[in-house]
Structure formats: C-alpha cells, structure tokens
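There are 2 protein chains.
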Amino acid sequence: MKTGLWLVAVGLLPVAPAFAALMPMPQTVVPGAGSLKIDSSFSVQARGYSDARLDRAMGRLAARVSRQTGIEIRGGKTVLWIECRAGGSQYPTLGEDESYRMDVSADGARISAATVIGALRGMETFAGWIDLGRDGFEARAIHIDDAPRFPWRGLMLDVSRHWMPIDVVLRNLDAMAAVKLNVFHWHLSDDQGFRVESRRFPRLQGLGSDGRFYTQDEVRRVIEYARDRGIRVIPEFDMPGHSTSWLVGYPELGSAPGPYQIERKWGIFQPVMDPSREQTYAFLDEFIGEMAALFPDPYFHIGGDEVDATEWNRSGAIQAWAARNGLKDAAAIQGYFNRRVAKIVVKHGKTMLGWDEAFDTTLPRDTVVQSWRGQASLADVARAGFRGVLSFGYYLDHLQPASLHYGVDPLDGAARELSLDQKARILGGEACMWSEYVDPETIDSRVWPSAAAIAERLWSQAAITDVDSMYERLESVSRMLDWVGLKHRVNYEPMLERLAGERAADPLRILADASEALGIEGRRGAREYTSLVDLNRFVDAARPESESVRRMERAARKVLAAPDGSAREAAELRAMLAAWAENDARLQPQGELAGLSKNLSVLGSIGLRILEYLQLGQTPPEPWIEQQAALLTEMERPAAEVNLAAVRPVRILLERAAQRHSSGGNK
Amino acid sequence: MKTGLWLVAVGLLPVAPAFAALMPMPQTVVPGAGSLKIDSSFSVQARGYSDARLDRAMGRLAARVSRQTGIEIRGGKTVLWIECRAGGSQYPTLGEDESYRMDVSADGARISAATVIGALRGMETFAGWIDLGRDGFEARAIHIDDAPRFPWRGLMLDVSRHWMPIDVVLRNLDAMAAVKLNVFHWHLSDDQGFRVESRRFPRLQGLGSDGRFYTQDEVRRVIEYARDRGIRVIPEFDMPGHSTSWLVGYPELGSAPGPYQIERKWGIFQPVMDPSREQTYAFLDEFIGEMAALFPDPYFHIGGDEVDATEWNRSGAIQAWAARNGLKDAAAIQGYFNRRVAKIVVKHGKTMLGWDEAFDTTLPRDTVVQSWRGQASLADVARAGFRGVLSFGYYLDHLQPASLHYGVDPLDGAARELSLDQKARILGGEACMWSEYVDPETIDSRVWPSAAAIAERLWSQAAITDVDSMYERLESVSRMLDWVGLKHRVNYEPMLERLAGERAADPLRILADASEALGIEGRRGAREYTSLVDLNRFVDAARPESESVRRMERAARKVLAAPDGSAREAAELRAMLAAWAENDARLQPQGELAGLSKNLSVLGSIGLRILEYLQLGQTPPEPWIEQQAALLTEMERPAAEVNLAAVRPVRILLERAAQRHSSGGNK
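Residue numbers (my numbering), protein chains in the order written: chain G, 1 to 667; chain F, 1 to 667.
Don't read these hints as lab results, they were simulated from the structure. Check each hint, because a few of them may be wrong.
Repeated chains share a single entry, so a pair holds when one copy, or any two copies, can fit it.
Below, a list of computed lysine-lysine pairs in the DSSO-like style, where the Cα atoms sit at most 30 Å apart [claimed, not checked]:
#1 K343 x K423
#2 K328 x K347
#3 K265 x K37
#4 K598 x K558
#5 K343 x K328
#6 K77 x K265
#7 K347 x K423
#8 K343 x K598
#9 K37 x K77
Can you make the complete structure from the sequences, with help from the hints?
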C-alpha cells in the first residue's frame, strides 16, 4: 500500500500554518507553486465514473467548504475534479483500496482514485487543506499521493452505559470520516443497557434499555450514513459477561436464577450467561442470525471480556456440566462458550471478533482479536496465526493527552519482533470510548480531537511522530471539526454558563481553560457515580487537554529561548498570567472550586513575578524559588476532579529561574 | 386585560440574580417563601383539559429543562401541573386570551389558564424562572398573574434579500415563543427573491428565487410549528413596488416592457406592477386566492411601501389610464391599486395589512397599518378609525442598542393624545429584521437578544422601563436562548476562528468582544455590498452590543462609587484592561483591523493608568486628561464597520479623573 516515493512531509514544508488541518499526514506530499483561490465560483464535479454515493459526497464537500469559509458557493470556474475509476464494493470492506491522489494548482484541483472510497478520503484531505491566505481562502498548490498504513482504523462508542441518541452517532461518523477512520465499532449491549431492537426477542430492548434503544430502521440509517462516508459498522454484543441487560428480560439465559435488574453502577458484575444449557445457544443462534442480517459487515464482535466466574462457580449444575465436559476452570468454560458462539457466528456468514479474553487458539483461524492488553498480547495472537487490532493505549475514557495515544504504535514493543507475515496480521487499531463518564452533551469533547491523533497513527507512516507538529495540526483539526458538525467545542460555553447561573461566565471559563478533566481512573473514587448521576459539573465542562495552557507552555519556552524575538508570546504570557492573577477575586467560587480558583490566581502572581525578575535580568532568591516549587507540586494534586494544568507553564518559568541559580545566579 | 392587583415587580424582589430570565416581566409578581427543587424527579403533567398541542408543549418543556440544567429528567414527585380550561381556537387569533397564573411553592408548581395559549405562555415563564441556587437548580416560590398589554407582538423576518432556510425560521419561532411574541410576519417577496412556491404561477419561484424558496409543504410545516407555540403566521407579498422578483417570470405584470432580472443590490428599484391593466388584478386575484388558502391567519400583508413612480410616469399608457380615471399623481395611482387589491383580499376572506404608504381612508375600515414612520403616523391612522401596529423604533437591522428599542412605546409621543377608543386601535408592534446585512449564520445574533427587549415593551406594563434591570435580565435571556436552540451565541467563536485561520482566536475574540457591529446605516456606504458579497468578516462576527463592555461600564461605575466594596469589579476591570493592553501585540492584525486593534491596546493602557492614579489617591495632570479625552473621541469613529465600544468604560474612568480636577484636584 506504500507509494514508491516516500517524502517525510513534515520536513518539506514550513511547519504551521502551512499544514492547515492536514491530519492524518498523507504518505507523500510535494508542495507546488501558487495557490487555488477558493471563492464563490468553487465547485466539485465528477469526471468519468460517478454514482449516487459520490454525488452525495460531492454535495457535502461543497456545503462544508461553504460553512468553513462563510462563502456562498455558487459554482463556476474553480473546479475540483473527482476522477474515480469504479464504485467499489457496495459496503466498505476490510482492505478496500482507499488510496487517492490529489493535485492542486493555481488553476484547479483534481482527486483521482481507484474507487469511490479513495475519492472520499481525498475530498476530506481537500477540505482540511483549505487555508486562510493573505487574500482570502485558498488551497495551496500541492501534490499528494496517499494511502493508509493500516486497513483497520476504528472508533468504538459504548452506547450502553450512557445512552447516545442517533444524532450523536451520526455526527461522530462525520468526524470519523474527516480524519479517515473507517470502522465504527458500536458497543450495543452491556450491563447497563441493551440498545438495539430485536424483533425475535423484544424483551431484550423492552426490559433491558429503559426505553432507550435504536430501532432496526435507525440502525439501517446509521449503516447507510456510514457507508456514504466509507465507514464499516461492526456491532458488538458482549457475552457471556457484561450481559445483565439481556437477563432482565430473559433471566433463563443467566447462570443464576435471577431476577435481574439493569445495572446502575459501574464495574464488573456477576451476571453471566449460562454456558451449560443448550437453550442459551439456541437463543444466541436466533439472535445472532437476526443481527447478522441487519448488519451487512462480515465481522461480528462478541465481546468476551471481563467475565466474573462467581455464578458459574456457585452453580452445582454448571459445575457438574463442566466436569462432564472436562472443563477444568472458568477459562476453559469461557473457551467452550466461545467456540460454540464462533460456530454460530460462522453459520450466519460472519467472522468473529472478540477482546483478548475471548481468544484461544482453538477458535476459527480468521477470528480477529481486539487487544486492550497491549502489543505483547497482540503479538501472541499474530504468532498463533490470528489477526488482531490494538486498543491498548487508545482508551479515550482515560482522558490522557493526545501525545500519549499518538506514541502508541500497533507494531511497536513486542510486535517489533514479529515476521513480516505476522506483522501483516496486525490490522490496525481502534480508539475506545467507554461511556461511564460521558453523556450526549460531553462525549464529543472526550473523543475529539484526541481521536484524530490516533487516526494519524493508524493512517500515516510510522515515522510521523513529531508531537509539536501533531498538536499544531490537531488544533486546526479541532476547529475544523466544528464545521463538520461536532459539539466538542460549542457545548463548552453553555455548560459553563449553566454553572455560572446569573453571573458572567468569563471567570469560570478562565478557570476551566486552565484545568483538565480527570478520566475514569481519577473519577471513579471521587464520589459515588452511577448512571443516575448527572454529568453537568465543572469537571464535565472542562476538557481533557487545555489548548490554551499548551499555548502558554509554548509561549513560555519561546520567551525564555529568545526574549527579544517573541513580543507576541510575551504579551500572551503577561495577559494570561494577569487574567489568572485577578480571576479568583472575580469568580469568588464556593464549594469544590474554591481551592482550585485560589491556586490559579497564585499561579498567575508567581508567573508575573518571575517575568518581572527575568525582565530586570535578576534572579529570584533561592528560598523563594524553593517555596514556589513546593507550592506548584502541591497544586498538581487533583481537586474537583480536575488537574490544574496551569501549573505547567509556570513551572517552565520557575525552572528557568532555578537554572540561573545553578549556573551562578545573576549574569 | 390588566389584573386588578398591580404590583411593580421590579421593586418587590431584589434585582438580579433574583429575576432569572423573567422577561417579559409579568403583570403581577408576588414572591413566596422557599423554593421548588428541580431535579431528575421533575415532570410536567396536565390536569383537566388536554390535547395534542398541549402534550407536545409539555414534552418540549421537560426537554428544555433537561438541556438547561444538564439534569436527566426522569419524572416523579416534583410536578408542574398544567390546568387549562379549554383548547382555544384551532390557530392562534388576534386577541385570544393569553393570560395565565403561575404558582410555585416548595412542594410543586401549577400553571392555570383559560386556554392552551395561556398555558404555553406560562410554561415559558416557568422555564425562564428556573435558577441556579446554592443547592442546585430551583424555582423560587412565586405567584404570577400575567397577561399581555398588547395583543399584537410580532417579529418580521425578511427572507428575500438573504434567503433563510427553514431551520432559521423554526429556531426563531422557538425564540419568539420563549419571549411570548405571537406574530411571525414573513416577508416572503421582494426585489431580490420570491420565496414561496406558487402552483398557479410557478415562474414566480421558478425564475424569481435562484431556486431558494419554501415549498407549500414547508410553509405548512412552519405554520403548524408556529401554531404549536401560539404564534400566528402572516405572509407579506410586497406590491406594487419591491416586486422585481415577480416580474422576472411574469414581465407582463410590470409597468415597463422588461425583461427583468433579480436585483442583486440593495435599495429602492424602479420595477413596479402595472396598475392600469385588468390582467394585473386577475393575476393577483388568483395568486392571493392561492396564498389565502395556504395561510390560515385571517390577516394578509400586501406591503405597499417605497413605490418608485418612475415607470408609471414614463408609460404613456399608464398616464393616459390615470388621466381617464382622475388619478392625478403617483399617490392616487397607488391608492387605486390598493383599493383594488383590498377588494381581492377581502374576497378571499382576509383582512388587509400594509405599510404606512399603503394607507388611505378609502380602504376597508378593518385594514391594519404597520407603521415604520412612527407614533404620529400611527395616531393619524387610529384617529381615522383604523388599526395599526408600530415598527418605528423596532428596526433591528440598524443594530441599535436594545435600550433604544426598549424606550419606544406604541402609545407614546403623538399617541398619548389619543382617546381610549383610539388607543385601543393600536394593537401593538413588530420588530423588523431586513436582511441586507444578515445571512443564516448571523441573523440570530442581530435579532437576539434585542428582540426580547421589544417583546417586554409589548407585553409588560408601560411603567416597566428600568434599563439596568432590562439589561440584567436580557443577559440571562440571551443565555437561555442558547438552550432554546438559537445560534446567536454558538456561531460567534467559529466565525472568529475562521478569521483567525491557523492562529488561536483568543486575541481576535478579545477585540470582537470590545467592538460593536454597525447596522445598515453604517454599512451601506462602507463598501459596495450586494447579495453576492459574503458576510463572513469581522463586522459580521461582532455583535451589535457588547455584553462584556457593558459589564465593564457597570464595574467602572461601581468601583468609582465604592472603591472598598467592589473587589470583584476592580479585579474584572484590571483583568480586562490588562488583556486589552496586551492584545495588539498578541493579535498583530493586518488590514482593516490594524487601527482598531492598536486603539484597543491604547485604551487598556489608559484605563490601567487611571486606575493607578485612583488607587494612589492621585489625580492625573490636566493636560494628560485632555489629551486622553481627545484620543477617546478620535477612537469613537467607526473603523472596519464597527464601533470600538471599549471607549465607553475608559471614558467613565477618565471623566471621574477630570471631575477630581474640577472639584479641586487631589483631596
């Protein structure tokens, strides 16, 4: 899939703003001279092959360019030509040719591709490449030759723990398409809810969903919407564990007598399907048959993770059955269950996927393992002749920095030792959003823009690893995703205003901009969270990563490195630090934000003080530095379920002040 | 319509935050003790009469409370009871009983009304009354007895000059309902576009709309949507002038031979219908018949404003016809035309509305005149026994301060001299948004929140005139309108980010927050605007009134009045002034914003300097003050089609410094 000529694009062009929202970075980028003006005469037209899917995509692109630029597109002389050679398969398939070429010159632009899928990818590149030049919007001249590194680039959304209405799914599909992700993994059932309509077993959604589920028509709508964007849809029905919601309506499937209730808490629960009764498999046969017909993708995910064996161990009947069948422990029992389910999946024409725990070498050889455990686990899978996708390192619900996800490569670590054949079995990866701590209002801001960094990891060359370049482009991508229709940014201020009540939200926004929300690890112990706790507090509005703090870190480094050549950055530092310093007096918060707010103002004062010292060419006294350093360390402890990210740029300034001491004090 | 007990509510309760988004102010407000907690157990239930319209409204209220609070409403013990005695007329009518009572206590809440329309009004009051208390969201105990002062409270949207897709109309209907406006005046045709499907005369929209028109199904959808919210829909088809778009497809209607083109510029154009040919009236008879059947409201607006008589004067045939009929001038000709049209309107069961120019006393006595000329014009209408509504003073496209609109009362000025009977003929008013300088992205931010101040003028008692209270509540209303679904706030940052290109938008936002966009008067001479010019520049993102500058003015006054008791305001002033002072170095804009940005930073420095003087108890030297005052006056001149609103708070500070001089210098 690699093109012959491989140019490390990052080195070729000036860094931002030159790259606009070019993410994932294409395989080959050759800049040209001049640029194509984007004005109301812009149009997108097919040349050669065309079909309804392509037509719709071209219409969407024109509408998006119009939104992005605020220009009313009326068509005319500026044409982006789309040249496809064929339509491709009816629904996107694993390994389908996604390559394309894009040429932009001052006279026009052209995307050529073997199939519509490639053209779709190219059109997203074009949209991201549009940039604000001196004379208005433009697409600079460029030649791009592009194809993905991995064929499986997914996003998993858990719609069970918190219900996500269909519009959440649709806008996330748009965002996935924008960064060329091509697998939507739909985690449709879990202990907290069964989210799809079964006509064969209507009590699944009838009693297991609180009335919150997708009808089959809605599922079809999602599939068609995804197909239009070149995205496969793979359903997951987690079994035999994580299945409480099934058992509410069909307790006879469970290993204990029941009755069962929808789980409201988070964690791993005891309810588990009964592997010893033939009725269980008869049920699954019918159910999987129904779902196999509903979902056209040939892959079918059976979950298989985190099975609690308590009910199996407690049940005399199951234990007796296990003994009769030589199943010596829970793992053996789950292995048996998986083999039975695999047969059912195959019978209905599908290929099975499961999490690490579902894997064993007696499964059909084409089974795909999704690994949350890591590259070593994945390498074992590949060595055993099976295929796998990586999700370890891509768990978005932990709200870790995008750079952390960006640093995780499916072919890194233990996978580096694999043979080429074995490596080829590692199909790619999937970002995962488990929904304990997100709801329809906040989910976008936890998935995006981080998922774009993962998308780049899976699409672009392994050598594309520059974190600064990634973050610069990520910020552009994040703004672009506004125009794609995501709510990750527009929901921020209204949520803060809701918390501000009658008062102006500005000071609360300054505090939120300086804070970073904790993920699942930090929140689970913070209070008693259940699915009935509303996610409308400060931590829910705050973002996982603060763009403005990152900018201040950059500004601080630049000011320290070149005090004379960084007037803009110095002004930004002073303005932001002053805003922080005054903020506690403006906000005067009560309750959980009191300490956080006070700390931010202290940080502002410390930062301003250091800038003064630096400006005067002086060095603050050592005891003062030590005292401030201790304060900063104190402030790094989470409060109100957020981290005070603002510590970081102030620490950069303080460390420089300290260095001056170690290098001999005042010059 | 007034209730017996009239309590000036503003005096009764503490000012903000006590009033939440209570706008328009109800007729009678009696606060109680305690408050009703709004949590997930909240529900809205009908008691007594109920119908589908009421059910839908209750569903919307629950959904809105959920959005507003971030609380998942599951229903339970906290009930808002809706008690209606009857359904009311099928479609809202002029003079329909809109009164309601609302009682909130710690145990529950109740809205009672004669009809569903009253209940709708009460539910909007309830939604606006929800407030963030110390322990979460609540509705404080209150008794409200409410009814409108005027029965006609409208908003006119011009969808001809810039096309407004149906979703713009729908979300503006939601906003209208939120502030109890009850007439949507739909300006559907003008020189620049004919915006509704005619099946009898398909070339109207076929050639006169660039393909941008509402189908009849969409019109019906808007009417039903409005009906659900207690809003009448009145179409306007402007004639005989402002009718170029009709003539493109039907040049035989025109007074000149044609051919005609859709107008792309703004202004008054020569094309005008031919009043001398019977075919014109035959056409209008068929057309008005078709539209009269489509729009259920009994009122029908024929425009009639701004007729350019050039074509009439040039046409020998028209002049000969006029002479034969004793029509001595253009006014007489238009009078004749209007009488003929009035007969057609009446024939189709409708009552006619027209602008001032369409008025003459030979028209049917129930004709309603919409006055853009003012209360004197309206008083003449009333004295002549006709009815009228005021739009003078309510032209939102001028982007004047909300306080200016707020100060205009339909019964003020010349109307004060009218008898009670004559006064009763003044039915109310209508805010008007002409769309030369707005598009679907910006229109909300030009209509709202100002239109809410007009809504209060038309609903609440004439004595409710406190501008500070209005602005405080207006800010709450503006935030609330986010949850109603308007785009007046959420579109702001993306528009600025679009202009910022690859750079962080923060400094641009600071500049935009400090600026106020000019309206039609200021823009029409600034460059050559046509319907083909995109509205995506700084002026289009900037708001008509700056909330943050208003807050700074308040803060400046408070700090000057009570330096010791205003730590919060002092911090806000310092933080904002510092941000301004640093902003030009951060933004470094080129082109039209360069001077504006520099001025803002100068303002920041001046403001900080004055604060320093004040803090030290010193007075700046007189020459310095004079110099700064001159600078400020200089900065008041518009640039880049905006006013630098930031001058105002700095002027407040400077004037205090100057007063110290005139009162004898340093104390």
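Verification of the supplied hints:
For a Cα distance limit of 30 Å, the shortest separation of K343 from K423 inside one copy, 27 Å, qualifies, whereas the shortest one across copies, 84 Å, does not. For the identical chains of this complex, K328 and K347 are intra-copy neighbours only, at 28 Å inside a copy versus 91 Å across copies, given an alpha-carbon limit of 30 Å. Taking the shortest alpha-carbon separations for K265 and K37, only the inter-copy value of 25 Å comes in at or below 30 Å, while the best intra-copy value is 55 Å. When the C-alpha separation of K598 and K558 is checked against a cutoff of 30 Å, the pair qualifies both within a copy, at 27 Å, and between copies, at 24 Å.
In the homo-oligomer, the alpha carbons of K343 and K328 lie at most 30 Å apart inside one protomer (22 Å), although the nearest pairing across protomers, at 95 Å, exceeds that limit. In this assembly of identical chains, K77 and K265 lie within 30 Å of each other by CA distance solely across copies; the values are 23 Å between and 59 Å within a copy. Taking the shortest Cα distances, K347 and K423 sit within 30 Å of each other inside one copy (29 Å), while across copies they are farther apart (82 Å). In this assembly of identical chains, K343 and K598 lie within 30 Å of each other by CA distance neither inside one copy nor across copies; the values are 61 Å within and 73 Å between.
In this homomeric assembly, K37 and K77 come within 30 Å of each other (Cα to Cα) only inside a single copy, at 11 Å, whereas the closest approach across copies is 61 Å.
In summary, the structure is inconsistent with hint 8 from the numbered list given earlier, while agreeing with all the others.
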